[in-house]
Amino acid sequence: MNASSRYNRQIILPEIGETGQYKLLKSKVLIIGAGGLGAAILPYLAAAGVGEIGIVDDDVIEVSNLQRQVIYKSSSVGKYKVEEAKAMISELNPDVKVNAIAEKLSGNNAIALFEKYDIIVDATDNLQIKYLINDACLITNKPMVYGSIFRFQGQVSVFNYENGPTYRCLYPDENSFSANCTDAGVIGISVGIIGMLQANEVIKMILETGEVLSGKILVYNILNNEQQKYDFEKNNSFVMDRNTFEEKYSQKENLVEDISAEAVLDQIDNQEALFLDVRNEDELPKITFKNSIQIPLMNLENEIEKLDSKQAIYVFCQSGIRSKMAVELLLRNQFQNVKSISGGALAMKELLTKEIKI
Amino acid sequence: MIEVKYFGAVAEKTQCTFENVVSSNISLKDLLQDLEEKYRFESLTFSVAVNQKIVSKTTDYNLKTSDIVALLPPFAGG
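Chains as they are written, first to last, in the working numbering: chain A, 1 to 358; chain Y, 359 to 436.
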């Protein structure tokens, strides 16, 4: 197929032209996360002719993903997201080289991966990994295109662009918490809009046209269509070098021990063990056992004396992210036997429902 | 009059997206303390902007009449 006929409608834009199209072809973009944001960003970058796109995600497609992750088909449930995304893109635009990376982003693989690309896109769904992406972008000197959602609101910004402000300049407190889509709920349109704005920032940086959202955060509310930009400045007090990075991320990842929902349900009648629900009181489904208590994550530090540091404690939240943070907090406070239940209340509920059916 | 805007999980706590605070010549620190007492944000974290600019040091900032303050928590969904 003739390249200029495929891209004709954008090549005739004065801001793009043949030169711009060549820049797109030569560019390499890494998208972290093939969920709702990734599913919006990916097809638009590929269709526009971005030459090489990497996608990092170790998740498989679940039926509950399909209302917002619109590049996947019902028949693909159970398959790796990155593999399905790659197949979809090769049909859409065979010019694009797609690297499907079915791994979890971590301190061990981030830097080597980032070095191979020009632009890093954050399409993830938890706060801790945003700090990891930010720090790895600082080390490798790459811009980070940030997008995230809370229910009907979204945020977009570009960090570390030509040495500009970073995620840490905007949100210095690494221990903060915000619910993700699994916990808070989301509609596909919000992730679609925010993902599209991220794709737009990527294209502008490649084409060197327009104004990049550097040092500004755009906040969008789809319920009333209000959008605002807030300026923020670079804070030079935070320094990240390779040693600090390795120290920070290589040990943290092995710390938290997971237990599967299946294994932990055998402990329901074990009076020696305690189930700790760190969700807020209004979250559903309610899960209560004789040996369970609820302390929302935000109160855990203040109410830590309610717990016995020698007891076996199984911590759960809705999906398994906050419980990990709770376990980290308990380990820092010298608790000896705490585990995070992977998949959280949703996974336990599913098993409990099955058992009742049997 | 000072307008305060709320976003994300902060707006869920306050049950509104904005409100007007009748007081002038208040420091940002005092305003944030009043809001904390009223809404109990507890461990919810947020950045604070005045007139569309994030303020890095909230302890040392005096507000003027008609300033617009915004509380911006980080979002995590994707």
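Simulated from the structure, these hints should not be mistaken for lab results. A portion of the hints provided could be inaccurate.
As the list claims (entries may be wrong) - Taking lysine-lysine and the PhoX-like style, the derived pairs with C-alpha atoms no more than 25 Å apart in a straight line are:
#, chain 1, residue 1, chain 2, residue 2
1, A, Lys73, Y, Lys387
2, A, Lys116, A, Lys104
3, A, Lys216, Y, Lys396
4, Y, Lys422, A, Lys73
5, A, Lys204, Y, Lys363
6, A, Lys26, Y, Lys422
7, Y, Lys411, A, Lys229
8, A, Lys216, Y, Lys415
9, Y, Lys371, Y, Lys415
10, A, Lys310, A, Lys28
11, Y, Lys396, A, Lys234
12, A, Lys234, Y, Lys371
13, Y, Lys411, A, Lys216
14, A, Lys23, A, Lys104
15, Y, Lys411, Y, Lys363
16, Y, Lys363, A, Lys229
17, Y, Lys387, A, Lys286
18, Y, Lys363, A, Lys234
19, A, Lys28, Y, Lys415
20, A, Lys104, A, Lys73
21, A, Lys216, Y, Lys387
22, A, Lys234, A, Lys354
23, A, Lys234, A, Lys286
24, Y, Lys387, A, Lys23
As the list claims (entries may be wrong) - Pairwise CB distance ranges, derived in the manner of DEER restraints:
#, chain 1, residue 1, chain 2, residue 2, range
25, Y, Lys396, A, Lys229, 23 to 29 Å
26, A, Met196, Y, Lys396, 34 to 40 Å
27, Y, Lys396, A, Glu103, 41 to 47 Å
28, A, Gln67, Y, Glu370, 38 to 44 Å
29, Y, Lys387, A, Glu350, 27 to 33 Å
30, A, Ser74, Y, Glu370, 31 to 37 Å
31, A, Asp269, Y, Ser401, 45 to 51 Å
To be verified - Not close to chain Y: a few residues of chain A, all C-beta gaps over 10 Å, as computed:
#, residue
32, Ile12
33, Gly147
34, Ser148
35, Leu170
36, Ala184
37, Asn299
38, Ser309
The structure presented is a predicted model; accordingly, all values stated were derived computationally and were not measured. All residues carry an ideal CB built from backbone N, CA and C; glycine is no exception.
Are any of the numbered hints broken by this structure? If so, which, sorted upward? 1, 3, 4, 5, 6, 10, 11, 12, 14, 17, 19, 22, 23, 24, 28, 29, 31, 33, 34, 35, 36 and 37
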